[in-house]
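In order, the protein sequence lines correspond to chains A and B. My numbering applies: residue 1 is where the first sequence begins, and numbers increase by one. My numbering applies: residue 1001 is where the second sequence begins, and numbers increase by one.
For the record, the hints were derived by calculation from the structure and aren't laboratory data. These numbers were taken from a predicted model, which means no experiment stands behind them. Errors might be hidden in some of the hints.
With a straight-line Cα cutoff of 30 Å, these simulated DSS-like cross-link-like pairs (lysine-lysine) come out [claimed, not checked]:
1. B:1116 / A:248
2. A:245 / B:1116
3. A:201 / B:1359
4. A:245 / B:1106
5. B:1014 / B:1162
6. A:42 / A:14
7. A:245 / B:1155
8. A:67 / B:1236
9. B:1359 / B:1269
10. A:241 / B:1359
11. A:67 / B:1162
12. B:1126 / B:1014
13. A:189 / B:1244
14. A:67 / B:1106
15. A:248 / B:1269
16. B:1066 / A:67
17. B:1014 / B:1304
18. A:201 / A:189
19. A:14 / B:1155
Cβ-to-Cβ under 8 Å is the rule here; a few derived chain B residues that face chain A [claimed, not checked]:
20. 1015
21. 1018
22. 1026
23. 1286
From the three backbone atoms N, C-alpha and C, an ideal C-beta is built for every residue, glycine too.
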Amino acid sequence: MIRHLFTIIWNGRKANVWILLEYTLVFCVLWFCIDYLVFIVKSSLEPAGFDIEHVYRLETGARNVAKDEINNRDHLADMLLFQDRVLRYPGVTSICMGIHAFPYTGSASWMNYTILPDSLNEQVRVRRVTSGFFDVFKIAIKSGRVFRWEDEAEADKTVIGPDRYNRFGKYPGATLDISQVGGILSKTKEYSITGTAGKVKEAFFDPYVSCLYVPLRGDESLRWKQIAIRVAPEADRDFAKRFMKEMKSRLETGPYYLSAVTSFRDIKAAYMEERGISDRLNSIYAIITFLVINIFLGIVGTFRYRTQARRSEIGLRIAMGATRRDVRRMMFLETLFLLFIASIIAVSICINIGLSEVSGAFDVPVGDRAVTGSGVEQDFLNYLLAFLFSGAVSLLAVWYPTYQASIIPPAAALHEE
Amino acid sequence: MLKIYFKQAIEMLKQDTFTGIIAIVGTALAIMMIMSIIVVDEVRNISVAPESNRSHTYYIRYQIVKDSMWRNSGFIEYGIYHDYLSALSTPEYVALVAMNTLPVGKEGEDETVNAKVKATDASFWKIMSFSFIEGKPYGREEFESGVAQAVVSDKLAKAVFKGQEVLGQTLMINYVPYRVTGIVKDISPVFRSASGDVWIPATSQEGFDEYAVLMLLRNRSDFRELEQEIRNVEKKYGINNTGKELTLRGPDAHREDAVSAYYITKEEKDAALTAQYRKQLLIFLILLLVPAVNLSGLSFSRIKKRTAETGVRKAFGARKHNILMQALFENLITSLTGGIIGLVLSYLAVFQLKTWLLKIPADSSLPGEAFISFPVFAAVFIACVLINLLSAGMPAWRASGLSIVDSLNENDN
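With these hints in hand, go ahead and build the complete structure from the sequences.
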């Protein structure tokens, strides 16, 4: 059967060369599109480690006053007063503040620390937060407890979080298991560990990075602090608008005022936009649509011509006892066989391109495999998906020409000979 | 002669409508995608009011200040503009722009709307060409003394004052009273530097720290001089501030400024731009090659059908290039038909998908000049000719090369 197919394809090689070329081209482009889509789907299926449902971000503005007037305020008192007022609002279950701490904001801070007991000197992500951070974003505490941020005596306590492989240290390639960390030294302080948290990502398409949570103190103006609240699900209806309207005047604290209430869902969407993720996804959808229509047109066109050119051959087959189903099956198999040959050529091109990192020079989006922790199995998955997808489109396209071919009356076809 | 080719092409289309339609749809799709990219590029870069000087405007948006301990990077600080960049001698004008979203409302009322407030200097109005409905912009003296005057867009004026007289009224911007001195027509957000709801002198309010500096050159040939002057500014800063080092990104031309890539130094910029151009080229290549290969199969069969006819023409003295040109010209008619359909579709696509393609809100307007312009039409024509050559070139070449006997016998092996 396969030999027979080979013969048929070889006999029509002149027309088949174009289809083969097109399939190879399309398969290559499809491969990279699928590679990126798989990366996005895979990373969005993995838990981010934090929960942003029913979470809102509050932003504050400062009235036009002299800089000194703001700098000389008691910032800790401002924080406590603001927190206290927000928590009185019905439906608000917890509040937190942070600096370089919140997901989907793009603001991050990294510092060099000495990690005890081995005195490893590594760059680690640091989040300065109030204790409420773990409640608002529902970050799991795996062992120990969270520090009390407002307690002066706990200013040098810290909670640490691991990377994908439950290790702590630089990204990528941390080596120390999180349970072995004995303490953290910064230039000015020695932090002792009160607990460990679950692994978190910055955004779902970012890697799990180990991180240090340290108590946020009143060192800077309320204006520069990230503020978020968690709302009880039953209270989360039209919340942002309601809260803004009812709390705007009640939250005036010195020169500060409430300037915006935004749900983290919207913040996530905006961040995907800003990081170019939705852009890339849209481009990929556009390219896939373009390819699908092209495969479709190409296959319909060529096979239509071919069935016309091979009318007598098909007539002969039917006259010699082949059923109409046999004729159809033959043409379906012919298409798939062509696709298969093309896919083998394409896959060797794609894997080589992937290995050579040429994609960087073309600014083509590539899913970072270290982020999802995947390896060669991704290549198989890409191949399978690309083959299934282009196969399905081809079969759909070849359906009409084969239908036409199979209804050729054998007598009429043979007459042409 | 062309008339005959044309008639023949129409006749061919009638005979085999199905293949013709496939060829036209294939071309239209490719042209639509290519033209969407080109039209978007044109919208981003065309010099049209209010940013009618884009071709002569250069930008500096980022600065880095380094000392032995710290490396602070960010947008341009007011001090750098005031002490150094505002005194540049090469540009005709040097302007300053920053944007914040601030609460804006009527005096004595609690209700506010969040508005995009641009803090600028007086030269901003020289580089941009706004159309004023009423009033005028603030000038140099108002900027230097930090007078609280504001220019507002028509849309914002209507939203806040609800049909009342606006000029001369007091507008509260971030709870500070401003006098409205001008009302301008609404600006589409595709004009990144110009657009906004309210414009105020940068000296009239605290809190704007992220500036961009725009420089308008008299001649583009002054660029080298400008670049040299900027590098001298960095040196001068180093002399005035011992132990500190200033790096300014740019000056960037408008096209470079519109590229969304992270870079600071000239080398990084070149690398980022090269990658972008390569990507663009790769995309165009895919968009041209896939349909070309696709249509090659079709034109191969179309031309093959007429081998006998070619033989007859040759027998009556047609030369090789006659046959070739005829095949290509006939095919070009299909390509151009597809091209025109594709162009119209690309306009629809850009209008429909502007939030994605241009990053602007769905209700914003687009400058019509970017759609109907010489570069756009030239690009369509070139793309059509390319697709035509790529898809029909090979088959036509083969058909024209056959001997008379082989052609008459339809023997093309």
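Do the hints match the structure? See the list:
1. B:1116 / A:248: Holds. Residue 1116 of chain B to residue 248 of chain A sits at ~20 Å (cutoff 30 Å).
2. A:245 / B:1116: It holds: about 20 Å lies between the C-alpha atoms, which stays within 30 Å.
3. A:201 / B:1359: holds (27 Å)
4. A:245 / B:1106: holds (17 Å)
5. B:1014 / B:1162: violated (61 Å)
6. A:42 / A:14: violated (42 Å)
7. A:245 / B:1155: holds (23 Å)
8. A:67 / B:1236: holds (28 Å)
9. B:1359 / B:1269: holds (23 Å)
10. A:241 / B:1359: holds (25 Å)
11. A:67 / B:1162: violated (35 Å)
12. B:1126 / B:1014: Distance ~59 Å between residue 1126 of chain B and residue 1014 of chain B Cα, so the pair is violated.
13. A:189 / B:1244: holds (28 Å)
14. A:67 / B:1106: holds (26 Å)
15. A:248 / B:1269: violated (45 Å)
16. B:1066 / A:67: Distance ~24 Å between residue 1066 of chain B and residue 67 of chain A Cα, so the pair holds.
17. B:1014 / B:1304: holds (17 Å)
18. A:201 / A:189: holds (26 Å)
19. A:14 / B:1155: This hinted pair is violated, its Cα atoms lying about 63 Å apart.
20. 1015: Hint violated; residue 1015 of chain B Cβ to chain A Cβ min 13 Å, cut 8 Å.
21. 1018: holds (7 Å)
22. 1026: holds (5 Å)
23. 1286: Given a least distance of 6 Å, the restraint on residue 1286 of chain B holds.
Checked against the numbered hints above, the structure violates hints 5, 6, 11, 12, 15, 19, 20; every other hint is satisfied.
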